[in-house]
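Numbered according to the numbering used here, the sequence shown spans residues 123 to 359.
Hints may be right or wrong, so weigh each one.
[As the list claims (entries may be wrong)] Listed next, with one range per pair, are the computed distances between beta-carbon atoms:
(1) A213 to D292: 28 to 38 Å
(2) L206 to D302: 38 to 48 Å
(3) R286 to P134: 13 to 23 Å
(4) A212 to D265: 25 to 35 Å
(5) E139 to A257: 39 to 49 Å
Keep in mind that the hints were calculated from the coordinates and are not lab data. These figures come from a predicted structure and were not determined experimentally. Backbone N, C-alpha and C define an ideal beta-carbon position, used for all residues, glycine too.
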Amino acid sequence: MDARSQAGTPAPLSPAEWRFASTQRAGLYGWFSRLYAQEVTDELFRSHFADGGFAPFAGLAGLGLDADVHRLDAAIAALRAEQLPRLELAADFAQLFLLDGKTSALPYASAYAGKDAASPLYGAAEARMRDFLAARALAIQADFREPADHLAVALAVMADVAERDSGASDLPAAAAAQADFLRTALLDWLPHFVARCQQARPRFDLYPALAALLLGFVRADAAFLEDVGGGAGAAAD
Numbered sequence: 123m124d125a126r127s128q129a130g131t132p133a134p135l136s137p138a139e140w141r142f143a144s145t146q147r148a149g150l151y152g153w154f155s156r157l158y159a160q161e162v163t164d165e166l167f168r169s170h171f172a173d174g175g176f177a178p179f180a181g182l183a184g185l186g187l188d189a190d191v192h193r194l195d196a197a198i199a200a201l202r203a204e205q206l207p208r209l210e211l212a213a214d215f216a217q218l219f220l221l222d223g224k225t226s227a228l229p230y231a232s233a234y235a236g237k238d239a240a241s242p243l244y245g246a247a248e249a250r251m252r253d254f255l256a257a258r259a260l261a262i263q264a265d266f267r268e269p270a271d272h273l274a275v276a277l278a279v280m281a282d283v284a285e286r287d288s289g290a291s292d293l294p295a296a297a298a299a300q301a302d303f304l305r306t307a308l309l310d311w312l313p314h315f316v317a318r319c320q321q322a323r324p325r326f327d328l329y330p331a332l333a334a335l336l337l338g339f340v341r342a343d344a345a346f347l348e349d350v351g352g353g354a355g356a357a358a359d
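Start from the sequences, fold in the hints, and give me the full structure.
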């Protein structure tokens, strides 16, 4: 992804540049989605955490997210020093995302829809996402038994849309539609989720660091898409 807005009035993207950016963005949204969909598997742990840096996100430092990338790298290093690191990570996943909303950071848009919601899940945000999926002939995988407003679903949708739109003939329209999805399906509640991740204080900093990096990436991506789409609307904070 190219932070073209930092260089004054950007030149229009060529189809080849848009395809490249779309492929890179789709891959990043897919990685984030998988990390929030379930506990890290043995295979994913070996490929992402066992050795070296967190390769899928290395390029995010170029978007001004170097501090967030370094924080995630430090969290991975601390985890790697443990005798049973994957089990420690599984415990943090459960603490953050599988407990009640008072002590954890529930990964559902509905959980942040209102301060006094007695039953936050399966709310209006969940219904809106189901309508969005149906309108675009998308479906949640049968083995993913979570509400449609789960964070992993919104991220997977962005991965899918970015990939589908990589060959779009009308780049401004495709970019504007993606930016609108980010604003309505993610950016109106993601900052609250990220704040809860920081407050929950699991044993390791990996998931709070990952959440901060995700928010930075989504905001940068929304700005990129709005540049390509002609600046239609402003991304929510």
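Right, here's what the structure says about each hint:
Taken as a hint, the range 28 to 38 Å is violated for the pair A213 and D292, whose Cβ atoms sit roughly 47 Å apart. Here the CB-CB span from L206 to D302 is close to 44 Å, well matched to the stated 38 to 48 Å. The hinted window of 13 to 23 Å between R286 and P134 holds, with their beta carbons roughly 21 Å apart. Separated by about 18 Å at the C-beta atoms, A212 and D265 break the suggested range of 25 to 35 Å.
Separated by about 29 Å at the C-beta atoms, E139 and A257 break the suggested range of 39 to 49 Å.
In the structure shown, a violation is registered for the earlier hints numbered 1, 4, 5, in ascending order.
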